[in-house]
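Asks: Each chain, written out:
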Amino acid sequence: MKKFNVVGKIERKVDGFSLVKGKPVYTEDLIKDNPLIVKILRSPHAHAIIKKIEKEEALKIPGVEIILTHEELPRIPFTKAGQGFPEPSPYDSYILDKKVRYVGDAVAIIAAIDEKTALLAMKKIKVEYEILESILSIEDAMTKKVLIHDEEESSGIWDKNKNIAAHYDMEIGDVEKVLSESEVVVSSTYRAAAQHHTTMEPHISYSYFDQNNRLVIITSTQVPFHLRRVMSRLYNIPIGNIRVIKPRIGGGFGGKQAYHTEQYVTAVTLKTGKSAKLMLTRDEVSRCTNTRHEFIIKVTAGADKNGKLKAIKMEANSNTGAYGEGALTVFMVCGSKTLPLYNKVEAVSFGGNAYYTNMTSAGAYRGYGAAQGIFALDSTLDEMAYKLKMDPLKFKNMNTIKEGETSDVFRIMGEGKEGVDQIMKSCKLDECVEKGKKLFNWDEKFKNKYVDGDKVRGVGCALVMQGSGIPGVDLGAATIKMNEDGSFNLLIGATDLGTGSDTALAQIAAEELGVSLKKIIVYSSDTDFTPFDKGAYASSTTYVSGNAVIDAAKRVKKQILENAATFMEEVPENLLLENEFVIDKERKNKLSLSELCTKLFYNSNQKQIAATGSFVGDEGPVPYVAGFAEVEVNLKTGKIKLLDYVAYADCGKVINPKGALGQLEGGLMQGIGYAMYEDIIYDKRGKMLTSDFFNYKIPSREDYGTLRCGFVESYEPTGPFGAKSIGEVSLNSPTPAICNAIFNATGVRLRSNPFTAERLFFKLKGGESNNEN
Amino acid sequence: MKTILNINGKDYTAEFSEGEKLDKILRRLGFLSVKHSCNSMDCGTCTVLIDGKPVLSCGTFAASATGKKIETVESLSKNEKLHPLQEALLEENGAQCGFCIPGFELTAKALLEKIPHPNEEEIRSYMKGNLCRCTGYERQHQAIMKASKKTGE
Ligand code: FES
Ligand code: FES
Numbered sequence: 001m002k003k004f005n006v007v008g009k010i011e012r013k014v015d016g017f018s019l020v021k022g023k024p025v026y027t028e029d030l031i032k033d034n035p036l037i038v039k040i041l042r043s044p045h046a047h048a049i050i051k052k053i054e055k056e057e058a059l060k061i062p063g064v065e066i067i068l069t070h071e072e073l074p075r076i077p078f079t080k081a082g083q084g085f086p087e088p089s090p091y092d093s094y095i096l097d098k099k100v101r102y103v104g105d106a107v108a109i110i111a112a113i114d115e116k117t118a119l120l121a122m123k124k125i126k127v128e129y130e131i132l133e134s135i136l137s138i139e140d141a142m143t144k145k146v147l148i149h150d151e152e153e154s155s156g157i158w159d160k161n162k163n164i165a166a167h168y169d170m171e172i173g174d175v176e177k178v179l180s181e182s183e184v185v186v187s188s189t190y191r192a193a194a195q196h197h198t199t200m201e202p203h204i205s206y207s208y209f210d211q212n213n214r215l216v217i218i219t220s221t222q223v224p225f226h227l228r229r230v231m232s233r234l235y236n237i238p239i240g241n242i243r244v245i246k247p248r249i250g251g252g253f254g255g256k257q258a259y260h261t262e263q264y265v266t267a268v269t270l271k272t273g274k275s276a277k278l279m280l281t282r283d284e285v286s287r288c289t290n291t292r293h294e295f296i297i298k299v300t301a302g303a304d305k306n307g308k309l310k311a312i313k314m315e316a317n318s319n320t321g322a323y324g325e326g327a328l329t330v331f332m333v334c335g336s337k338t339l340p341l342y343n344k345v346e347a348v349s350f351g352g353n354a355y356y357t358n359m360t361s362a363g364a365y366r367g368y369g370a371a372q373g374i375f376a377l378d379s380t381l382d383e384m385a386y387k388l389k390m391d392p393l394k395f396k397n398m399n400t401i402k403e404g405e406t407s408d409v410f411r412i413m414g415e416g417k418e419g420v421d422q423i424m425k426s427c428k429l430d431e432c433v434e435k436g437k438k439l440f441n442w443d444e445k446f447k448n449k450y451v452d453g454d455k456v457r458g459v460g461c462a463l464v465m466q467g468s469g470i471p472g473v474d475l476g477a478a479t480i481k482m483n484e485d486g487s488f489n490l491l492i493g494a495t496d497l498g499t500g501s502d503t504a505l506a507q508i509a510a511e512e513l514g515v516s517l518k519k520i521i522v523y524s525s526d527t528d529f530t531p532f533d534k535g536a537y538a539s540s541t542t543y544v545s546g547n548a549v550i551d552a553a554k555r556v557k558k559q560i561l562e563n564a565a566t567f568m569e570e571v572p573e574n575l576l577l578e579n580e581f582v583i584d585k586e587r588k589n590k591l592s593l594s595e596l597c598t599k600l601f602y603n604s605n606q607k608q609i610a611a612t613g614s615f616v617g618d619e620g621p622v623p624y625v626a627g628f629a630e631v632e633v634n635l636k637t638g639k640i641k642l643l644d645y646v647a648y649a650d651c652g653k654v655i656n657p658k659g660a661l662g663q664l665e666g667g668l669m670q671g672i673g674y675a676m677y678e679d680i681i682y683d684k685r686g687k688m689l690t691s692d693f694f695n696y697k698i699p700s701r702e703d704y705g706t707l708r709c710g711f712v713e714s715y716e717p718t719g720p721f722g723a724k725s726i727g728e729v730s731l732n733s734p735t736p737a738i739c740n741a742i743f744n745a746t747g748v749r750l751r752s753n754p755f756t757a758e759r760l761f762f763k764l765k766g767g768e769s770n771n772e773n
Numbered sequence: 001m002k003t004i005l006n007i008n009g010k011d012y013t014a015e016f017s018e019g020e021k022l023d024k025i026l027r028r029l030g031f032l033s034v035k036h037s038c039n040s041m042d043c044g045t046c047t048v049l050i051d052g053k054p055v056l057s058c059g060t061f062a063a064s065a066t067g068k069k070i071e072t073v074e075s076l077s078k079n080e081k082l083h084p085l086q087e088a089l090l091e092e093n094g095a096q097c098g099f100c101i102p103g104f105e106l107t108a109k110a111l112l113e114k115i116p117h118p119n120e121e122e123i124r125s126y127m128k129g130n131l132c133r134c135t136g137y138e139r140q141h142q143a144i145m146k147a148s149k150k151t152g153e
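Those protein sequences? They're chains A and B, same order as listed. Using the working numbering, you'd call the opening residue of the first sequence number 1 and step up by one each time. Using the working numbering, you'd call the opening residue of the second sequence number 1 and step up by one each time.
No lab work stands behind these hints: they were computed from the structure.
Stretch-level coverage of chain A by chain B, calculated; a stretch enters the list once three of its residues show a Cβ under 8 angstroms from a Cβ in chain B:
1. 192-202
2. 668-679
3. 689-696
In the DSS-like style, the derived pairs of lysine-lysine whose C-alpha atoms are separated by at most 30 angstroms in a straight line are:
4. B/K2 to B/K68
5. A/K518 to B/K149
6. B/K150 to A/K518
7. A/K389 to A/K636
8. B/K81 to A/K518
9. A/K23 to B/K149
10. A/K765 to A/K684
11. A/K687 to B/K21
12. B/K150 to A/K23
13. A/K518 to B/K146
14. A/K438 to B/K146
15. A/K394 to A/K298
16. A/K32 to B/K78
17. B/K68 to A/K23
18. B/K10 to A/K32
19. A/K435 to B/K146
20. B/K21 to B/K78
21. B/K81 to A/K23
22. A/K274 to B/K24
23. A/K394 to A/K305
24. B/K21 to A/K124
25. B/K2 to A/K23
26. B/K146 to A/K9
27. B/K24 to A/K116
28. A/K697 to B/K24
29. B/K114 to B/K150
30. B/K24 to B/K53
31. A/K23 to A/K518
32. A/K697 to B/K21
33. B/K2 to A/K32
34. A/K144 to A/K51
35. A/K636 to B/K128
36. B/K149 to A/K9
Think of the CB as a built atom: it goes at the ideal place given N, C-alpha and C, for glycine as much as any other residue.
Just chain A, with the same shape it has in the complex (with noise of 0.2 angstroms):
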């Protein structure tokens, strides 16, 4: 393999400085001036119509600026999630609608001189509602004949008729043939849940006009280009007159993907002409913004005698909430991202509903789907291998995909739309399952349990995938440019949440130019600065970015030659770039970048060393982890307590070793709260209960044993010196593997998360089961 200098090698984070002093770099630390406070009215029910607004009294009120109501926006549907265009999403979102759909639907935008004074505008509002019979779950979603978007102007939603925001269904071969022929068949359903984001920092932006009264926004966004543009369209602003800073942001995950604060403060700029500051409370971030999808999932799996899986037939309805952000492509990829694991059935489908509820609007969420989906189908292949006697390692890490091979379902299935065809030219999960199981001590664990009175503990496995990037549909782009002291600006529209991918993307940089890390200076999501990147989501900045900052690079390097060349009389192919020289093959002759770029600046030949790269997936590598939990169930009480957590991951070349981990262990932990914690819960009403840090618990440092995690390097050869991606696949594995070992301790399988005391401790009892199968 390639040497490299500073791919691969322990790298601070280059905006690490400021986050550890505290600096002032998020969005609300930016705002200089005085702006206008805004503050949201939202609905109380979860489905109504507004029949009335009265505001005049709230006018009246010394200090409020203007309040706005759909009376006074224009009317446009559009999809809230930030994707690219055309969206894959339903157009099924106002600015403000006369109907709302769930309990905190936006019902009028106010802004005042501040907080204190907004609110109390809030409280004089008057509204008048004719309220509707809500759908609260799947279920009432399927059967009752209440209608949530019965409006014309939406588009793109499957079947109004019935809430059904997308449909998809998909069959390789004649399942049900395949099924009737296995020897052995099992079939399970599952619930994964809804989850939270909870990002530390709740969504806040800030809009005001520059000195050319051009729009600005500065906000905390996964996506500020699909921003631009989505903002241009429903205030019909030349995209040229509105800029989109993103600074740095207290987290993502998916929940800032969709724009939940932007069109608001937009509305208030553009009626008054000032500057305008809404920052969501904890509570509206929890109610008001992105869930992720809440799924049923039957899985239906057949395999013979010696456990070689011959079909899979996936069924699974999700709930989208009251708006289709990423209703079809998180439905897709549920099955899309965890069905090519098993690639040697005979035959598979996979099919279903996202169905529309008037509860909070899901969304992205770090997993997309296929943190469900596989809670479901490993959870149902962990039931075969039991059934089968079996260790469920072995039985699954034998039907699993290995490199060389490839799956159909990648053909068929992209992100809504068809897939790419792809052979997997990169692949070390049985690696991992190896250095898993020794660490974790698997056959010794899995032979031998380990009882104490009541405490009997157990160990559970899970294999999980995700991709990278959304091949054919998702563009980055770099700009580099030269510096006479040798160094250079790195500009990027990619979007660093958090996660370190401006400093991976500096490694990468710095690697092709040969210079070390401190010579790339990196400035990264700014419309009118850097060039265009699709966002952060997907899994797809070190790979896509990462690959456009390559081709950009590449071509600085190629006019930093052509001129050293001229310099040094020799010629480009025979010339290196070497730790800040250019230097020729004998190593004779040796010129330095700073030397070189001074004279392109003020003596001869004069010219500015710059490029742009660009860079479209043909193709989304798969990273791949292999999951190991050990919990501790009390019998008498149901109490779960996770002892151990396991995980090696594939995700290619590692670019930044401590960058990499810290998303495995992040996204490892939200697995785990996914798994054990966290859990969203509304009222009769439709009212959400769990929305602040008390009532939805995350996990703490308290509540997980050891986490111990490492890397299994792969070369893929499409991926930036190897690399593919980490940021999503980390999160998957907890929830099934936890499922799995709380089975394995106790012979109760619980099929819905998170498993919490309760639901085991009445499923011990014989309880519950009918309704959880």
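Since the structure of chain A is provided, determine the placement of chain B with the ligands on it from the hints.
Replies: This is chain B with the ligands only, laid out in the frame that chain A set:
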């Protein structure tokens, strides 16, 4: 209303409205390292030190901080020189998005003052109120261990 607050060793006159909490006041005075996330005393993001002890500023009234020593992250390091905790966080990649970091650093500083060489369990227990959604905690615990070696000597 008005009061004098001693922040990072200097007295400031703070104007505030009734019921306003310390996090907002500190930010208005320019201490922008003070972050807020839940405003319900559930996450630790807004932690500052008052007389050396970690306190949730989103639940603290100005009056109860008057006459005491308030510390924010701005006091931890001067110019280019980083506090050992900050250095260790950088080395271990303990700050991803960084939003939880000011609260984390102050709680960790108080921990190291109380227990100069904490073990894993002591770290988890003392730091449990500081939620982080990015890191999975491990890098941050490594950072505390590392810093404890440097500061404890
Ligand atoms: S903001 Fe104070 S504890 Fe969360
Ligand atoms: S680093 Fe993002 S919340 Fe801790």
